[in-house]
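S.K.: Below are the chains, spelled out letter by letter.
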Amino acid sequence: MILFQERFKEEVKEYFERLETGLLLLEHDTENFQAIDEIFRLMHSMKGSGGMFGFDLLSDVTHDLESLYEIFRSKKMSINSEVISFTLNSIDGLHHLLVQEPTEEHHLLAKKMKAETQLLINKLIPSDEKFTKNDGPEGKAKDRNANTDDQTTYFISFKPDENIFKNGTNPLYLIDELNALGECNIQTFFDFLPDLSEIDPGKCYTSWEMFVATAEETDTLHDVFIFVSDKARIEIEKVSAGNKIHNETILADFLNSRLNKEFWTPPEQQPTENETADELFTEEEPEPSNEINEQEKGLKMISLPNSTVNTIRVDSLKIDQYMNLVSELITAQSRLELVSSKINQPDLEMVTEALDKIGRQLRENAFDMSLIPLQSIAVRFKRLIHDLSKSLNKQVELVTVGLETELDKNIIEKLIEPMLHIIRNSLDHGIESTEERIAKSKSSVGIITIKASTVGSYVQIEISDDGAGLNPAKIRSKAISKGLISEQDKLSENELFNLIFEPGFSTSELVTDVSGRGVGLDVVKRKVQEMRGTVKITSEPDKFTMFILKLPLSLSIIDGLLTRVGEYYYVVPSSGIKKIYAVNQQVLKNEFRQVVELEGNQVPYLNMHEEFENEIDLPENQIVVTVSFENQVFGLVVDEVIREYQAVIKPLGKLLNAQDIFSGASILGNGQLALVIDTNKIIQKYS
Amino acid sequence: MAAEIIYGLNSYFTFRIGSELFAVNIGNVTKILGLTETTKVPNSPRYFKGIINHFGSVLPVFDGRLKFGFPETEPTKNTCILVLVVEIEGHPVSTGVIVDSVEKVLIFEPEQIKPAPSIGKGFNNEYIFGIATFQTEFVIILNIDKIFSEEEINLIIAVE
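Quick note, the sequences are listed as chains A and B, same order. Residue 272 in our numbering sits at position 272 of the first sequence; the count goes up by one each step and never skips. Residue 157 in our numbering sits at position 157 of the second sequence; the count goes up by one each step and never skips.
Any given hint might turn out to be false.
Claimed, not checked - List of simulated lysine-lysine pairs, DSS-like, C-alpha gap at most 27 Å:
| id | chain 1 | residue 1 | chain 2 | residue 2 |
| --- | --- | --- | --- | --- |
| 1 | A | 685 | B | 104 |
| 2 | A | 681 | B | 146 |
| 3 | A | 123 | A | 9 |
| 4 | A | 440 | A | 451 |
| 5 | A | 390 | A | 440 |
| 6 | A | 9 | A | 440 |
| 7 | A | 478 | A | 382 |
| 8 | A | 318 | B | 40 |
| 9 | A | 478 | A | 440 |
Everything labelled a hint here was simulated from the structure, so no lab data went into it.
Produce the complete structure using the sequences and hints provided.
M.R.: Encoded structure:
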């Protein structure tokens, strides 16, 4: 059960995202009934499964929200931005209600949300109309016996697809739900039941026919089956006005006419307000006698499996495991290659080569699987802009380009926070107020653009706004007042811009609710660097500000340089490498301080051979690999540079947490390990 | 590699370092590996031998001789790596210890295990779970969670 609850939570989070997407669509196009339907459906399933898995508060609140959307779904009114904002806020509230053991606080929140929803419903619909139409199905069931004249007797034939259990549907629940709508007369059929030896307990062989006397309209009856409509054959027909459940003659007559495939005319028709709707309905819904339609339905049932499975959900842990196994395979493969080249046996070589090819494909495939498009987090950005532009009273539009660009799931997760931060900044500081924009003869609507593309083994994300741009003079005076630079310092415009990434730098004069709480863009920079990425900024006053993020495709595989120091191997990530120089021991020895002159520049260095205590003597000639970090250049002195190397990084594990100058280890072809150097950390530690 | 500690067993895995017979609860032992080349991690103490590739993951390996205060010797054909799972911050973590030789599995009922006396001679009492006897010999049952506790490891790494 806990497993199911966890899965449900995951699912609900997806629902939330889809709800947000739908709502934001509606914002632009309030007449988008498809979106309204989708929202309604999502709420309905949340309500249903929420109750089933014990998230009663969630279910309770969504019930009211569902009622709210029923108003728009039935086209009584069109949706407005007030409702959209309200719903978005409610979704935030629902996030909090996603708990199994609610506390007092949760109950209060739920109560408040329910009250607010009811208030909104009351506001939209005059109260007399409300109770008959817009309460949820359960609510209506209570007064079902109030007046039998309002009721209509329907016939429902429900033949579930035999695979219906596979999506976790229990047909009995649906029948219970019908029972709640009104008085029922239910017959169960086992026509499809095979011989005992052929029974598959995972399949459903039962079908039902029932009469229901209810005051509900046919739509409500259809709603009961809304989630199984493609998994079952459902026929709903009007038998007669009024409650005729106990009038066996009419029921028998009806069944007879069905059997004989005659057209059924409801007896003693009293003109009721439901009439027209029902007739319309019977036209849409094929009569059982209509054989062509029968066949069509049959076809629909056969073609079902096609429409169901295009994607499968896999726990990301499983993908990680798969990735690990594949990289192990690659390692084993390169060992096999080593052995095979020693043995020199043509047959073995052929197999090795074939294996190599498959291995490589498998690796690419595995790699591909762990990538997800940036699109998956775009809703968060849209939502942020929607909310913030309202509260800042600015008009802002989001333009996205290339969000289908894919990145490692782990990176995407870590990217959300810095990206939101940048967007928040652009909204708050970048985009000017509407009046200001008009004064500058710009369009009153500001535009924030997110553009993503793949560049080599990197993904570049540009976030730009067409706002006020950065003011170098202002940054300069601010930096001086904060003591980040001195009056005498001469900085290029670029260097000045980069100052805004310094800790404690915030240009906003007023500390606003949105950004400027002291924790600033330095957090963005740190987060991006943690992912071995870089962030840059360019700007032109009154035109634009653009943040350029460059990120590796994956955290687990990096391009690096395989180097040897003494008897051990180390991988230096390519991202930081600038140049490689050969140096003689004399040059290094002569220096009193640990500085070497390269191309006329004084470069501090670390001789890894000396630092990493080797038993092998210092060689006469060594190699300096210069790496850059921020604006510093630093030299790493190694004994030998072997080749470029694509390293699968393995974590060093808990026991070695304190060894932070290494970001992990990579398994070499011969099964040995090479430590991967974290250049940023090593520079921080030694310079 | 999802290694797990199995609790509640009264079987003990014995191994030898120098002339002493040590034991750890069998629930903490996952594998015995032949001695392989280790990759040294710079700036770590001498008794941290380095890391090895253990079926695709990184396994830290300690030298049991140095860790328990024995003089370093040349490995013999009996020298091997004992792979243990210890609990660090509530998570099972695999770690390797190089021992001179592995012996047998012995069963000790709780009442057969005596608390460790103060024996001095470099043995820290804290690290000893208890002492049992097998035939005429003492068996030192180690408290390995303590030996590989995180503070201990951090201490190891900090030493230069």
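S.K.: Determine for every hint whether it applies to the structure shown.
M.R.: Here is what the structure says about each hint:
no., hint, result
1, A:685 x B:104, "47 Å, violated"
2, A:681 x B:146, "30 Å, violated"
3, A:123 x A:9, "32 Å, violated"
4, A:440 x A:451, "26 Å, holds"
5, A:390 x A:440, "22 Å, holds"
6, A:9 x A:440, "48 Å, violated"
7, A:478 x A:382, "32 Å, violated"
8, A:318 x B:40, "31 Å, violated"
9, A:478 x A:440, "25 Å, holds"
Checked against the numbered hints given earlier, this structure breaks hints 1, 2, 3, 6, 7, 8; the rest are met.
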